[in-house]
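Construct the entire structure; sequences and hints are all you get.
So the chains spell out like this:
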Amino acid sequence: MDFSLSEDQEMLKTMARDLLEKECTEAVVRATLQREEGYSPELWKKMAELGWLGLLLPEQYGGTGGNVVDMAVLFEEMGRAMCVSPFLSTAVLCGQIISKAGSEAMKNELLPRLVRGKVVLALAMTEPEAVWGHRAWEPAGITVSARADSNGYIINGTKLFIHDAHVADKLVVVARTKRLKNLAEGITLFLVDTRSAGVTCQPLKTLSGNHKQCEVVFKNVMVSAENIIGQAHKGWTPLVGTLKVGAVMLCAEMVGAGQKILETMVDYAKTRVQFDMPIGVNQYVQEHCVEALAALDTSRYMTYQAAWLLSQEKDCDMEVAIAKAWTSEKNERICWYAHQVFAGVGSTEALGVMPIYTRLGNVSQYYLGGPEHHMNKIADEVEKLPVPEKPRGKPLGLWRPGKEGLPSWDIWQKYYEKNQ
Amino acid sequence: MDFGYSEEQEKLRKEVSDFFQNELPSDYSEFPVRQGKALEEFYDDFQSKAVKKGYPSAGWPRQYGGLGFTGMEQGIVSEEMSYWGVGWPATMGYSLVGPVILSVGTEEQKARFIPPIARGEVTCFEAFTEPNAGSDESNVELRAVPDGDDYVLNGQKTFISGNKRPDWLYTLVRTADTIPKHRGLSIFMVPGNAPGISYRPLPTMGGTRQNEIFYDNVRVPKTNMIGELNRGFYAAMATLEFERAAASLDARRGMRRLADFCRKEEKNGRPLIKDPEVRKTLAQMAMFQQTRYLNSWHTIWYRTQREKLGPMKYELGLFLEKSFRWVSGNAMMSVFDMYGQLKADSRYSKYGGAAGRAWEASRAMHGAGTPEILKVVIGNRGLGLPRIPRKFNAMISAELGKE
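Protein chains in written order, with this note's numbering: chain A, 1082 to 1501; chain B, 55 to 457.
Honestly, I wouldn't trust all of these hints.
So the derived label-pair ranges between C-beta atoms look like this [what the hints assert, rightly or not]:
id, chain 1, residue 1, chain 2, residue 2, range
1, B, S102, A, E1088, 42 to 52 angstroms
2, A, D1250, B, P440, 45 to 55 angstroms
3, A, L1131, B, S388, 43 to 53 angstroms
4, B, G323, A, D1461, 44 to 54 angstroms
5, B, K367, A, A1265, 41 to 51 angstroms
6, A, A1265, B, T145, 45 to 55 angstroms
7, B, P425, A, A1265, 23 to 33 angstroms
8, B, P234, A, F1356, 18 to 28 angstroms
9, B, S388, A, K1465, 20 to 30 angstroms
10, A, E1140, B, K367, 38 to 48 angstroms
Please keep in mind that the hints were generated in silico from the structure rather than gathered at the bench.
In this text, all values refer to a predicted model and were calculated from it rather than measured experimentally.
Quick reminder that beta carbons are idealized off the backbone N, C-alpha and C, glycines included.
The structure is reproduced here in structure tokens:
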């Protein structure tokens, strides 16, 4: 057990904090959220120069071969700085799918460019109907079809809430190639150029900024078999492994945001004066701060535990689901507590950062599975828990239900006798 | 970052777990239905076997009867204890009194008090709370007046937990009238059978016993003072820190048992575990269990790093523990519905009557500070939030008195 970061991770954290405090200020974030692209290409270039995009990728493709905990450190800092970019889509979700399942040719073609920041990728998975019943991230939610054809495959259907598709060069499309009883079978991952005939990306009007998420429509889109990532019909396994890493990265992002929110709300509670006293002397206000602190610390432990288990390639479905469900729920709570402390100031766009944190938090809470989705996953894992081991000593018969005896300490007995 | 255990630690865990599995009776339950002499004897016997292995005091130095391990190994023992649902009858000595004497006691006191505590031969009560000193610990009125080589104690303690006659009362007393009040407190080890001590039981709704303890001209030698004169409050706070951090580490077994129950029990023709409401409740409990597990290990780990990281600013353990008890008590009731009201000896009782017990336990959550005072402490000490200066308290009281 060791909760501390390694020396390298501390260095990475400091470097990230320094860059983002300089280059990703509140003003930059506000301007970025207004931009057509929804991110800052200038900052993207700097991140690529520092090697961040290749942090999880092997050295042979220009990456640095870091692990999931290193990446979580980086995401914590990006969350703190409210840094919006296609980082998660490109470097984690699509990057990992291609790196884990893609062909050597595909990796050589794409990954070095990805590391240099020359290519933006997006994961096209969720569909309009599947959102109901929390099936968006499950095999049952995949209905967009890819029909085999003499030249390859033809994709038809609509994907919704696709992050960064409007700026992506290529999409990793999750499509159904076979209808089997086991819905996790028959799913194939395709690499599709966004300029292919029949692909249209329409940014959605969302609360968090208008251009982050898209509707992507595929109308008779032709894809050659070379563009299958991994094996045909067996796309679910590499996909779900990557979704777990992505979910933990979102947790780290929310932890970073929560840390900054807590710092600003406590600072405000100490300095804002009403009734001739800082509002922080009021225990109602203190309670909001303390509850936020507890929510944040527990989220952080869960996030890093899940990240560490992933980095060790250990079985961690339960821990990842717990981290995402808890952190998402608590991120929402932390924002709420902060809004209570800031009151009117917190909801005012011009006076503070809370509106941005709250909106971006809302995206992270539900992307890659919201609390309900992950609580369902936790329940699945609870269902699989083993029967507890039984003690093996000689039975003593002391624990059988029967008449409840009196406690043995003589004084208590005497007291009862006297008073009965 | 490392959320695993070393090979030696895993070996110790296996050893301790095997010990519990072999020594505990096959019909053992962490929720005793009947209390009484036989049960007490079983626990004493069980503890003395564990003491031979050195488990209860594994983290203490060898010279005082420990195994010389670090807090991490002691944590592993605690974790297995939680897993098997066992506690030591002399737990106050192991988890509170022992550690404080080891940190602030004199060499002579360590030699005198620690080995019997390590051997589990003595029962200690933590006698802090008084009728007028609840959350406001510094308001202790039980007075100790020096007289020759002794102090003479007069006053009353209340809500002191314990079901067994104590050998030592670890008592917080007033030795000086000071402003601020907490600078006039000291701690004494008072023999439980000293002339002038009397006990009155206070049964609680959870079925456990608490006590009122009266001190009537009780003489205690000066050498029984733990730590420095008038510095008792700090030792008391250290004690509470140990107590607040002693959240149980592992509710794995409880989760497994409940999952097993929900797989077997049926509701409307399908297993309870397929019911969406029950699934949601189980998921919530699993999340809360994880918060306690990780926070406890964080605290234990932090203590081993204290020299590098400095003193801990705040400790969430007991606060989380209390939220968990509340949640799990209510969750159990939501799963068991009206069955949760039944005692273990009802013929309709489910799950050994544990559902109701969990609910009752959720009411008894005020030891070592109410959740409210814990939040105030975390807010003030952990986050540096301001507090109303003490001098205004008297002004407010006077103001209210006028109305």
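Hint check results:
1. Between S102(B) and E1088(A) the beta carbon distance is about 47 angstroms. The supplied range of 42 to 52 angstroms therefore holds.
2. A hinted range of 45 to 55 angstroms holds for the C-beta pair D1250(A) and P440(B), which are about 54 angstroms apart.
3. Hint check: L1131(A) to S388(B), Cβ distance near 50 angstroms, so the stated range 43 to 53 angstroms holds.
4. Roughly 21 angstroms separates the CB atoms of G323(B) and D1461(A), a value that falls outside the hinted 44 to 54 angstroms.
5. Evaluation of the 41 to 51 angstroms hint for K367(B) and A1265(A) yields a pass: the beta carbon distance comes to about 47 angstroms.
6. For the pair A1265(A) and T145(B), the supplied restraint of 45 to 55 angstroms holds, since their beta-carbon distance comes to about 49 angstroms.
7. Under the hint 23 to 33 angstroms, the C-beta atoms of P425(B) and A1265(A), about 44 angstroms apart, miss the expected range.
8. The given range of 18 to 28 angstroms is respected by P234(B) and F1356(A), whose C-beta atoms sit roughly 25 angstroms from each other.
9. For S388(B) paired with K1465(A), a C-beta distance near 22 angstroms keeps the hint of 20 to 30 angstroms intact.
10. Between E1140(A) and K367(B) the CB atoms are about 40 angstroms apart, so this pair conforms to the stated range of 38 to 48 angstroms.
Hints 4, 7 from the earlier list are contradicted by this structure; the remaining hints agree with it.
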